[in-house]
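Asks: With the hints as extra help, turn the sequences into a complete structure.
Number of protein chains: 2
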Amino acid sequence: MRKQDITIYDVAREAKVSMATVSRVVNGNTNVRKDTRERVLKVINRLHYQPNAVAQGLASKRTTTVGLIVPDLTNLYFAELSKGIDDIALLYKYNIIITSIENRLMKEDQAIQGLLNKQVDGIIYMSDNLPEEAAEAFKRTDTPVVLAGTKSNHQEFPSVAIDYMKADTEALNLLYNDGKKNLALVLDDPDTVVNAENRIPAYKKFMADHNLGEGHIYSNIKDHSDGYNLYSQLRQDGIDGVIVTRDITAVGILNAATDAGTKIPEEMEIVTASATQIASVVRPALTAIRQPLYDIGAVAMRLLTKLMNNEEIDQKQIELPYELLKKQSTANK
Amino acid sequence: MRKQDITIYDVAREAKVSMATVSRVVNGNTNVRKDTRERVLKVINRLHYQPNAVAQGLASKRTTTVGLIVPDLTNLYFAELSKGIDDIALLYKYNIIITSIENRLMKEDQAIQGLLNKQVDGIIYMSDNLPEEAAEAFKRTDTPVVLAGTKSNHQEFPSVAIDYMKADTEALNLLYNDGKKNLALVLDDPDTVVNAENRIPAYKKFMADHNLGEGHIYSNIKDHSDGYNLYSQLRQDGIDGVIVTRDITAVGILNAATDAGTKIPEEMEIVTASATQIASVVRPALTAIRQPLYDIGAVAMRLLTKLMNNEEIDQKQIELPYELLKKQSTANK
DNA sequence: AGAATAGCTGTAAACGTTTGCACTTTTTGG
DNA sequence: CCAAAAAGTGCAAACGTTTACAGCTATTCT
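Chains as they are written, first to last, in the working numbering: chain A, -8 to 324; chain B, -8 to 324.
Among the hints, a few may not be true.
Since the list gives no way to pick one copy over another, a pair counts as held whenever it fits inside one copy or between any two copies.
Stated by the list, open to error - The list that follows gives simulated cross-link-like pairs (lysine to aspartate or glutamate, EDC-like), each with its CA atoms no further than 20 Å apart:
no., residue 1, residue 2
1, LYS52, ASP(-4)
2, LYS84, ASP63
3, LYS195, ASP182
4, LYS74, GLU93
To be clear, the hints were calculated from the coordinates, so they are not data collected in a lab.
Only a predicted model underlies this, so the values are computations on that prediction, with no experimental measurement involved.
Replies: Structure representation (structure tokens):
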């Protein structure tokens, strides 16, 4: 096995010091005389010594590894969040163990337990929803956790997100001012905290405030074909303006509308509540609530580094600014 | 610290056995009497004992962790590959450490060294290109490596991919049979092995075989706006049929064409050489070489599990079938 | 019944680091 | 120049497992 030919012992022997000193050199401890440090470094280079991170992890109880829990890697929403996380993790020299939980073999709490067994120093949780068992699992551990791009009604968990209620209200207002009065809300999952506690209340309040009646909420519309198939229902219900949680779903509606000869935005306006790359490359391009996904990820990871170092946190719930990006799926005024 | 309140010792004491026996129970070793096994399991459940994977890794020299090297998480091509990898990894109980190398702070060989230091049991490499230093790094280690969705001229590395040359030729043939004679090749990076040794030769050979002249190869066209901006050049060069490596780039060309009033596919046909979700949701939908990305990832991971178990491999270079999926960006015949 | 064998369990040495403590050497200040 | 403080170093125990190896206890066979 070539796997670990040279250990800290070999270096110590060659450099005629103890392993403790080698360890100090490796870890940049200042209590080493300049010339011994250089001598040790020379040996390290000559032997191509590389510390065994597993042994370091066991001895120091820090693995410089963080866990990422994500529902679906191929959902660009999470991919863009992950990118922000990854960049900051690299900066702070953390590795990332990624656990995808879309696969129903892997429940949230199992995923969490798996990460804890691997002794990750922290966890970033990105699923839209935080089931009770997952919250329990987090509460049982000392390992810090940050929610990224989502919210929980557990106020104890630090999170980074946008003000979904405000954003949705602003989007509804845009539609309303464009003269659309038969507004609908299209949701992926009605039971996530973001939807149940933010988007739905925002929608209901808006409808009530403007005397627009009950309105229409469509649930469990999750991908392109769901959106495509929903379109005829929307027409039947006389919808002329719609907010859609996922942009890929919005594209489905858009394509169905185009195929049916419906004029967008004249006859129907579409706004997506989370924009990825996709929203901007389809035609007509989608008006969108642009969440700063990369930044949410980056800030979440930065926050986690602080928690892992037991630094003081000024605020646990961070809200980043969003933008309402007007494109071709709403009136050009 | 609650981090590790209970160890194998605690279980051993409570169950009145040695830690060795507890270890055997945890690892499903059969050499344990039924009633002691049950007694131990009961204690494990009562104390909520969870093995420390880091200690296990150090003692057993297996971490049940594999490393993934990927250029860009937000590129759906790699995301879809990753999904296949992830599913099989879950099945075989491996965790995944993901390392993104798009960030120029992280070179390939550093990424590899980082994974090796973490003592991963295997590595899947997904970048389009395998730089010489990376190949060297792989050769120095015993840790098995599999290339997924890419090729290398290092035949010693197992890989899973499609026959790019054949696929491209078939696509060119489609354009040719639709009557397009001024064919172009649009590449992300001309120096990757896949492009330099497969796509470009296939293109040149096709052009020569059909007396179509030198042809036009456009390089370093990597994203939507690159594609969009390239369009006028294509027109200027009289191109009427084009193969594009990335689908997001193809969409850029498509959108520019639509904006310019060019009829697709009548005046120009577009085929993308790698289809993700995006290719199918734009309008007109893109004709594409559909690589079985999920399967490539899954097969690569399966292959890696065999290598990690020192099982015999019947073939190192695996080629999976692709499909030429005709959509609206080529003639409907 | 006694020997051989198989099944079960415990002991203790790894695995490759980090780190508290004690000790020695050097530096500093009066 | 000496005492006190600071800097540098090594020793050895820890981190929480796995796993030879040995030993002990049933079981099987003749």
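Asks: Take the hints in turn and mark each one as holding or not.
Replies: Against the structure, the hints come out as follows:
{"no.": "1", "hint": "LYS52 - ASP(-4)", "verdict": "between (24 Å within a copy, 13 Å between copies)"}
{"no.": "2", "hint": "LYS84 - ASP63", "verdict": "between (25 Å within a copy, 18 Å between copies)"}
{"no.": "3", "hint": "LYS195 - ASP182", "verdict": "within (16 Å within a copy, 55 Å between copies)"}
{"no.": "4", "hint": "LYS74 - GLU93", "verdict": "both (19 Å within a copy, 10 Å between copies)"}
Comparing the model with each numbered hint stated earlier shows that all of them hold.
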